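Fit chain B to the known structure of chain L by using the hints.
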Amino acid sequence: MITLYLFIFLPFIFACIVPLLYKYLNRQVHTGWFVLVVPLSILIYLLTFIPAVASGETFEYTFSWIPSLGIHITSYVDGLGLLFGLLISGVGALVILYSIFYMSKVREALHNFYIYLLMFMGAMLGLVFSDHLLAFYGFWELTSVSSFLLISYWYERKSSRQGAMKSMLITVFGGFGMLAGFIMLIMMADTYSIRELIANMDVIQGHSLFIPAMLCILLGAFTKSAQFPFSIWLPDAMEAPTPVSSYLHSATMVKAGIYLVARMTPIFGGSPVWFWIVSGVGIITLLYGSLTALRQTDLKPLLAYSTISQLGLIMSLLGIGSLAVYFGPGESGTVFTVATFAALFHLFNHSTFKGSLFMVVGIIDHETGRRDIRYLGGLMHVMPITFTIALVGGLSMAGLPPFNGFLSKEMFFAAVLDVSKAGIFGLNSIGALFPVIAWVASIFTFVYCMIFVLKTFGGKYHPERLNRKVHEAPIGMLIAPMVLGLLVVLVFFFPNVLGKYILAPALTAVLPMMTVSSYDLKISAWHGINYELLMTLGVILLGGLLYMAKKRWLPTARKFPQGWTLNHFFNEGLLSAERWSASLTNRYMTGSLRHYLLYIFVFFVLLLLGSLLWFHGIRFDFSDNAMINIFDAGLVICMVISALTVLLAANRIVAIVALGALGYMVSMFFVIFRAPDLALTQMVVETVTTVLFLLCFYHLPKLKRTIERISFKWTNLVVSIAVGLTVTVLGLSANGHKLFEPITSFFENSYKLAGAKNIVNAILVDFRGFDTMLEISVLTIAGLGVYVLIRQRSKRGKEHEAE
Amino acid sequence: MIFDTLMIIALCLLVLAIMANLYRVVKGPSSADRVQALDSVGINIIASIAVFSVFLHTHAFFDLILLIGILSFIGTTAFAKFLERGVVIERKR
Numbered sequence: 001m002i003t004l005y006l007f008i009f010l011p012f013i014f015a016c017i018v019p020l021l022y023k024y025l026n027r028q029v030h031t032g033w034f035v036l037v038v039p040l041s042i043l044i045y046l047l048t049f050i051p052a053v054a055s056g057e058t059f060e061y062t063f064s065w066i067p068s069l070g071i072h073i074t075s076y077v078d079g080l081g082l083l084f085g086l087l088i089s090g091v092g093a094l095v096i097l098y099s100i101f102y103m104s105k106v107r108e109a110l111h112n113f114y115i116y117l118l119m120f121m122g123a124m125l126g127l128v129f130s131d132h133l134l135a136f137y138g139f140w141e142l143t144s145v146s147s148f149l150l151i152s153y154w155y156e157r158k159s160s161r162q163g164a165m166k167s168m169l170i171t172v173f174g175g176f177g178m179l180a181g182f183i184m185l186i187m188m189a190d191t192y193s194i195r196e197l198i199a200n201m202d203v204i205q206g207h208s209l210f211i212p213a214m215l216c217i218l219l220g221a222f223t224k225s226a227q228f229p230f231s232i233w234l235p236d237a238m239e240a241p242t243p244v245s246s247y248l249h250s251a252t253m254v255k256a257g258i259y260l261v262a263r264m265t266p267i268f269g270g271s272p273v274w275f276w277i278v279s280g281v282g283i284i285t286l287l288y289g290s291l292t293a294l295r296q297t298d299l300k301p302l303l304a305y306s307t308i309s310q311l312g313l314i315m316s317l318l319g320i321g322s323l324a325v326y327f328g329p330g331e332s333g334t335v336f337t338v339a340t341f342a343a344l345f346h347l348f349n350h351s352t353f354k355g356s357l358f359m360v361v362g363i364i365d366h367e368t369g370r371r372d373i374r375y376l377g378g379l380m381h382v383m384p385i386t387f388t389i390a391l392v393g394g395l396s397m398a399g400l401p402p403f404n405g406f407l408s409k410e411m412f413f414a415a416v417l418d419v420s421k422a423g424i425f426g427l428n429s430i431g432a433l434f435p436v437i438a439w440v441a442s443i444f445t446f447v448y449c450m451i452f453v454l455k456t457f458g459g460k461y462h463p464e465r466l467n468r469k470v471h472e473a474p475i476g477m478l479i480a481p482m483v484l485g486l487l488v489v490l491v492f493f494f495p496n497v498l499g500k501y502i503l504a505p506a507l508t509a510v511l512p513m514m515t516v517s518s519y520d521l522k523i524s525a526w527h528g529i530n531y532e533l534l535m536t537l538g539v540i541l542l543g544g545l546l547y548m549a550k551k552r553w554l555p556t557a558r559k560f561p562q563g564w565t566l567n568h569f570f571n572e573g574l575l576s577a578e579r580w581s582a583s584l585t586n587r588y589m590t591g592s593l594r595h596y597l598l599y600i601f602v603f604f605v606l607l608l609l610g611s612l613l614w615f616h617g618i619r620f621d622f623s624d625n626a627m628i629n630i631f632d633a634g635l636v637i638c639m640v641i642s643a644l645t646v647l648l649a650a651n652r653i654v655a656i657v658a659l660g661a662l663g664y665m666v667s668m669f670f671v672i673f674r675a676p677d678l679a680l681t682q683m684v685v686e687t688v689t690t691v692l693f694l695l696c697f698y699h700l701p702k703l704k705r706t707i708e709r710i711s712f713k714w715t716n717l718v719v720s721i722a723v724g725l726t727v728t729v730l731g732l733s734a735n736g737h738k739l740f741e742p743i744t745s746f747f748e749n750s751y752k753l754a755g756a757k758n759i760v761n762a763i764l765v766d767f768r769g770f771d772t773m774l775e776i777s778v779l780t781i782a783g784l785g786v787y788v789l790i791r792q793r794s795k796r797g798k799e800h801e802a803e
Numbered sequence: 001m002i003f004d005t006l007m008i009i010a011l012c013l014l015v016l017a018i019m020a021n022l023y024r025v026v027k028g029p030s031s032a033d034r035v036q037a038l039d040s041v042g043i044n045i046i047a048s049i050a051v052f053s054v055f056l057h058t059h060a061f062f063d064l065i066l067l068i069g070i071l072s073f074i075g076t077t078a079f080a081k082f083l084e085r086g087v088v089i090e091r092k093r
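Heads up: the sequence lines are chains L and B, in that order. With this note's numbering applied, the first sequence covers 1 to 803. With this note's numbering applied, the second sequence covers 1 to 93.
Only chain B is shown next, with the shape it has when bound in the complex:
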């Protein structure tokens, strides 16, 4: 019982963190702030999925954790490249 309560509290805190990040996404004066915040949302989601898996006693979501890690990296890189160069995939010249 205590375990479950702990897990739910942890999840709630993570959701609060996501909300805080979203504030940055919405408000963020520059695009870089927003992208940073989005990356952080991704990491928070990874954490909450991990906590949720523990809470449910399942390892069905472990793949997802890895995937989000990769994708959030790719996404952030793409954004970064876009913000820097204006294109995501450069043509060979």
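With the rest of the complex left out, here is chain L:
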């Protein structure tokens, strides 16, 4: 199975070659032709898996990455992964084919484009075939990064950069949440493998981290799949080149969250929280997306909101399908299994029609230079093929026969009708809302699909509004959307081929505990006159009426206050977060050293005194102390007087003299405590320091030389007394807590060990000579530093003089 591995990493490998191809061959051949080989070969390779996977086989291959930490890159192919893999490589091939004609060979930096695109493709393939949670997360973030790069492809535009930043912020935020959820899962089940997690389901479900892990993972899924309220990045991501929008923001990346939810359904499904969040958020997103899509006049944001709405539909179907886990295998479980099946089916359908619709928008943009429906109209006769494709895609999105959207929408209606009758998780009371919301949202969907198709292609043709001569797109550009449009129709007529070979194994992967007979999963276009069909008829009727009357209500709908949009909240939130953190930082980072010292000292006192009190560490023990002689006391008094003089001195000379007196007194103390070497050194150092102070004193700037007392501040007094008290208490307590004998006896042998009668010197140069060496280097550095400072200053002084 190492070939599987090779194929997942093929896009990355090829991305390394792309710049060379671009540099040496771009003049002759569009770089995209070379890149096209990659998804095509992956697609063909993955197609060979279908028979085996359809018969229930799975494949895996493990590559040890960091074996000591248990981190491997496990590739695992089952039905769900294969469905996504086929979508990624298939739509990827079509998108690259389309981009060859869309992206100019002359004007665009094609190597960047294809490197990012290949990077994304590889990341997405790695994502769907990963069984290891951390590898999954790695690929997940790689899709975020490559999407960021692709959105900001035209980086000289401000809107591109803003859209890219917004999508990065939101998806990475969710990604981090997901990582936290994954880590909780790993802690619960003590395994990194998704399959083993599913096997250890009961351990996880009883664990206290079950709900937090679920919420964190759902955060990741919802941000990636642009669910409410994280959907705002998707419309802004429309600044990307259209092939990118078509590939990432309709067919693949936004489905990564769907994939995650589907993958995690066996673990989390069956719990009421999961059901309510997934299906509730899904259905809100469905309504929100379809309502907001109505208000758009630009085609790409319209499609973006429609993508959001369709993703909400799939998400809510997955939530409803998770009820099957609750019921288990059996009559009522099977009903909800069909919901999951519908989710997978609509996922496939959406990729086909939405991909083609984006490509259509790209063609319109490319040929007319406009994307705003207020300028477009009457293109039906000018661009008949494009119109046909748009009609197929639009009607499929609206859920009309004979297109695949009809089938999945019928199944969706069936699922929401079933869930309102489920009678668990408090569905009795508000379960009836599900079909109503779904139905209303479908009406809006129908209306915006009509707006999309009819406002662009119907009506009158206004060549004066378009700044170029409009004609049908080149055939190369039309191939990819034509293939997708063909799929849309084919799936309607032969849904069971797709169902049997691709969707059924995927369903087994999502709900491994269910045993479903193929009869239940038969998709049929006609199953008698029932509620679903009536609902669809109602959608067409009401939607048609609404479309007719759109002149009455659409302008009002478009005047929706900007202050209430999610975008506004996001931007305001970002701005106020910046403002708030700036003001916070400015408040405490005052630039005044006094304040910083205050923080340091207060923290010091709080930490040390606090922990002393907390651990009952304050205990004084004077039993071992020596007697205090009268001249000791006298010296201490002298020192206190000198120290106070330093503080209260009226001018600096007094302070310097008092400091010198203090230093001399300290050396006297060294004498009393029998430390002749210390006393010597202290004496010299004190004298030198005093002389240095005098030197500095002279060089103080004129303004500050006004002689004044140190100004009095209460906070300073309190803090300084607190610090002194802390150190005193700490020292006295430490003195009473001697736990071990000192090791002085070893050094007393200095004559025998080192041939030295002076212990202090023996310690300095023999026993602990290393410290001395470093202190010598400290002195050297200080000396050099002073020299350099003086030299630099005098040089600069000369330059000033020269000026």
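Rather than coming from a laboratory, the hints here were simulated on the basis of the structure. From a predicted model like this one, the values you see are computed outputs, not experimental measurements. Be aware that a few hints might be false.
[What the hints assert, rightly or not] Selected chain B positions facing chain L (in silico; Cβ < 10 angstroms): (1) I18; (2) M19; (3) V26; (4) S31; (5) S48; (6) L67; (7) I68; (8) V87.
[What the hints assert, rightly or not] Sample of chain L residues with no beta-carbon within 12 angstroms of chain B, all distances over it, derived: (9) C16; (10) R107; (11) Y664; (12) R674; (13) R768; (14) L789.
[As the list claims (entries may be wrong)] Per the computed footprint, the stretches of chain L lying under chain B, defined by three or more beta-carbons under 8 angstroms from a beta-carbon of chain B, are: (15) 631 to 640; (16) 652 to 658; (17) 675 to 683; (18) 687 to 694.
Just so you know, even glycine gets a beta-carbon here, dropped at the ideal spot from N, CA and C.
For chain B alone, kept in the frame of chain L given last:
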């Protein structure tokens, strides 16, 4: 015993002298008074170190006595020069 008592009394007297000098350091109306007092502190410290060495029967502190003598001279000179000229080390001109 009497010897020790004598020595301690001598030390105490010296400490008292240092305190008296410090009074001058703190109070001293002019800087010259203070410097003088500091010099005197140094000499008193020399004396007390000498008495202390006798008291301890050691000659480990004799170096210190010499050093303080030198340093207190240098310090006083530096102060004096500073007070007179405003600089300690003059530049060659």
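Status of each hint after checking the structure:
no. : hint       : verdict
1   : I18        : 6 angstroms, holds
2   : M19        : 6 angstroms, holds
3   : V26        : 5 angstroms, holds
4   : S31        : 5 angstroms, holds
5   : S48        : 7 angstroms, holds
6   : L67        : 6 angstroms, holds
7   : I68        : 6 angstroms, holds
8   : V87        : 6 angstroms, holds
9   : C16        : 67 angstroms, holds
10  : R107       : 70 angstroms, holds
11  : Y664       : 6 angstroms, violated
12  : R674       : 7 angstroms, violated
13  : R768       : 21 angstroms, holds
14  : L789       : 17 angstroms, holds
15  : 631 to 640 : holds (count 5)
16  : 652 to 658 : holds (count 4)
17  : 675 to 683 : holds (count 4)
18  : 687 to 694 : holds (count 4)
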